[in-house]
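*Asks:* Residue-level listing of the chains:
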Amino acid sequence: MSDPIIICRDVEKWFDDFQALKGIDMEVHKGEVIVIFGPSGSGKSTFIRTINRIEVHQRGQIIVDGMELTHDVRNIAAIRSEIGMVFQLFNLFPHLSVLQNITLAPIWVRKWSKAEAEEIAQQLLERVGIPEQADKFPGQLSGGQQQRVAIARALAMQPKIMLFDEPTSALDPEMIKEVLDVMIELAQSGMTMIVITHEMGFARAVADRMFFFDEGLIVESGTPDDIFNNPQEDRTKLFLSQILTHD
Amino acid sequence: MTDSGSTQPESANIRPPSPPKLLVWLRRNLFNSWPNSVLTLLAVGSIYFVGRAVLEWAFFTADWRPVTNNPMLYLVGQYPRDQIWRVGASLLLVSFLTGMSWGEWRGIMRTFAMLLAGGLAVLGIIPAGGQMGSLAVHVFFLINVPVIFLGFLLGSRKFVTGSWVLGGWLFSFLVIPFLLRGIGDGTVLPTVETSLWGGLLVTLILAVGGILLSFPLGVLLALGRRSSLPVIKIFCVMFIEGIRGVPLVTILFMSSIILALFLPPDLRIDRLVRALIGMTIFSAAYTAENVRGGLQAVPAGQIEAAKAVGLNNFQTTLLVVLPQALRAVIPAIVGQFISLFKDTTLAIIVAINELLNIGKSILQSDVEFLQLQLEVYVFIAAVFWVLCYLMSFASRRLETALGIGER
Ligand SMILES: Nc1ncnc2c1ncn2[C@@H]1O[C@H](COP(=O)(O)OP(=O)(O)OP(=O)(O)O)[C@@H](O)[C@H]1O
Ligand SMILES: [Mg+2]
Chain A
1 MSDPIIICRD VEKWFDDFQA LKGIDMEVHK GEVIVIFGPS GSGKSTFIRT INRIEVHQRG
61 QIIVDGMELT HDVRNIAAIR SEIGMVFQLF NLFPHLSVLQ NITLAPIWVR KWSKAEAEEI
121 AQQLLERVGI PEQADKFPGQ LSGGQQQRVA IARALAMQPK IMLFDEPTSA LDPEMIKEVL
181 DVMIELAQSG MTMIVITHEM GFARAVADRM FFFDEGLIVE SGTPDDIFNN PQEDRTKLFL
241 SQILTHD
Chain B
1 MTDSGSTQPE SANIRPPSPP KLLVWLRRNL FNSWPNSVLT LLAVGSIYFV GRAVLEWAFF
61 TADWRPVTNN PMLYLVGQYP RDQIWRVGAS LLLVSFLTGM SWGEWRGIMR TFAMLLAGGL
121 AVLGIIPAGG QMGSLAVHVF FLINVPVIFL GFLLGSRKFV TGSWVLGGWL FSFLVIPFLL
181 RGIGDGTVLP TVETSLWGGL LVTLILAVGG ILLSFPLGVL LALGRRSSLP VIKIFCVMFI
241 EGIRGVPLVT ILFMSSIILA LFLPPDLRID RLVRALIGMT IFSAAYTAEN VRGGLQAVPA
301 GQIEAAKAVG LNNFQTTLLV VLPQALRAVI PAIVGQFISL FKDTTLAIIV AINELLNIGK
361 SILQSDVEFL QLQLEVYVFI AAVFWVLCYL MSFASRRLET ALGIGER
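Protein chains in written order, with our numbering: chain A, 1 to 247; chain B, 1 to 407.
None of these hints come from the bench; they were simulated from the model.
Model, not experiment: these values are computed from the prediction.
Treat each hint with caution, since some may be false.
Said to hold, decoys possible - Here are some, though not all, of the chain B residues that point toward chain A, as calculated from beta-carbon distances under 7 Å:
(1) Gly301
(2) Ala308
(3) Gln324
Glycine residues also receive a C-beta, built at the ideal position from the N, C-alpha and C atoms.
Using the sequences and the hints given, assemble the complete structure.
*Replies:* Okay, structure coming up:
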């Protein structure tokens, strides 16, 4: 296997006195799909947000594509344009049309021409299945459509890595599938992905490895097969039994 | 739900003929109960008597000579009449650019252009006394109307982009002060001291200048107040809270007297400019507080999303945070600008010949006019009312126009 594209070594993070991450080690290789799951407040979001430095870690090392995340602004800018992120609540820009949402960063960060950026945006809208919504505003779309626009917006920067923070948990059940389908297609196309989700069907279908987080630590990790059929830790078993019966 | 939609026309057909709409409306809204009917009658009665008295006064009793004798004074004050073409040229420029903005952006700009064209056409047609009565002045006002449409035609052209029009406005705001005041020592254009400027011209310069300068300053102060750099933050907080704690009259005095004390004697700032500075910093402090409210209303997720797609701090603020923050506070900011517009009358205390001051000096110019204060002040109030009403009308149009993109 190639060199890892993301290396996290002993990452620790505090919010004032509260330690949210207590030493996370993880290596992700190019093209891998990682699923992170665990109870609320276990630090899942905090962890993936340190990878593109929306949160700043205080101890340990994070190296993305050979660049270490430090206070160096140039590194941060370079790393952010290589990592796309999709949020639980979409976080589309409400004052911009769908097309403008997608082309904003390519035009201002990548310095593409407007025409070029719009052409690529239109292709991405085709890819996520909503080419006809380009001129609408986010407020006029359903939740599932908004989340697909958010995925297209992240892909527009042509990232090497995509981070997903519970992308379907704010959606009505009938819209979850349309978003998961886009993510599955993306995974199959070879994108490196880290996905926080409790959609275990998705994990079974495309995850290469899964990580169970609890109280700021990785309690257990392994292939979906290991995790679902042969979990080692009691906490993992308990949590899985809760969410699987919940389904 | 499709069912009821398809049956509705049929059931409407078999309904008995309804009473006239006006009667229904009246009964439902004005006479739906005894107390309400009494109130309606009282209100109609008082509107009738007050309205009749006002109209009778305006058309039969009032003596409008202080207004009609020389309306030019209300427009430009003592601006030398042989140089007045310079005010006219500035107005033509504004007319043309308003027309271009209409062609380029349509929407609310159309309303503005129509109002300007209508207002100038009225000035061109109504008979007036003094220099305003001359044929040249009438023709000049009327010429503005086709100039607005000329601008519209140019602005509608494909090759004319928004940045042209914006550039045109910027150019005109830089050029008009020089056009009005003169360049350098007056060899190219004779100098016209600002002490001669007056009336609506000065009122508009203070208001438009104050708005255009205080808006960016206010936005910067609001952003500075949230800065992570303590020095900038403390400076902005002190500036905002310091200014907001002081009445505008005091600020005008300070900017006109104290500013002169602190500056070296050979650097004398024009009186009108000093008043403008006072208005600007006063308005900027309030604008900053309004904008701060809007900034707080932008969810943290917006900033995270902007950073995640790779925008830097400056781009995040400019492209994501500010547009949303400003949109949320348009009504408050327009309200602030309307009061700034009315507050230009306070410049009277630092001897600026704005509209109200002109009215006062006209009253004092003639013994016969001394009795006619009411007429002059009613006229000036009407001018302010019309302009303020237009501003709030425009703001409502702007809100609906921007409403499209709301969540
Ligand atoms: N900005 C913050 N300030 C203080 N504490 C925070 C902040 N963000 C997160 N925390 C705390 O850090 C812990 C981990 O939060 P995090 O959002 O990473 O959990 P999570 O695993 O994503 O949970 P969820 O499933 O609810 O999203 C929680 O206890 C949370 O209260
Ligand atoms: Mg979370």
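*Asks:* Hint by hint, say whether it matches the structure.
*Replies:* Right, here's what the structure says about each hint:
With 7 Å as the threshold, the beta carbon of Gly301 of chain B comes within range of chain A, its nearest partner Cβ sitting at about 4 Å, so the hint holds. Given the 7 Å rule on beta carbons, the hint for Ala308 of chain B holds: about 4 Å separates it from the nearest Cβ of chain A. Proximity of Gln324 of chain B to chain A holds as hinted, the smallest CB-CB distance being about 5 Å (cut-off 7 Å).
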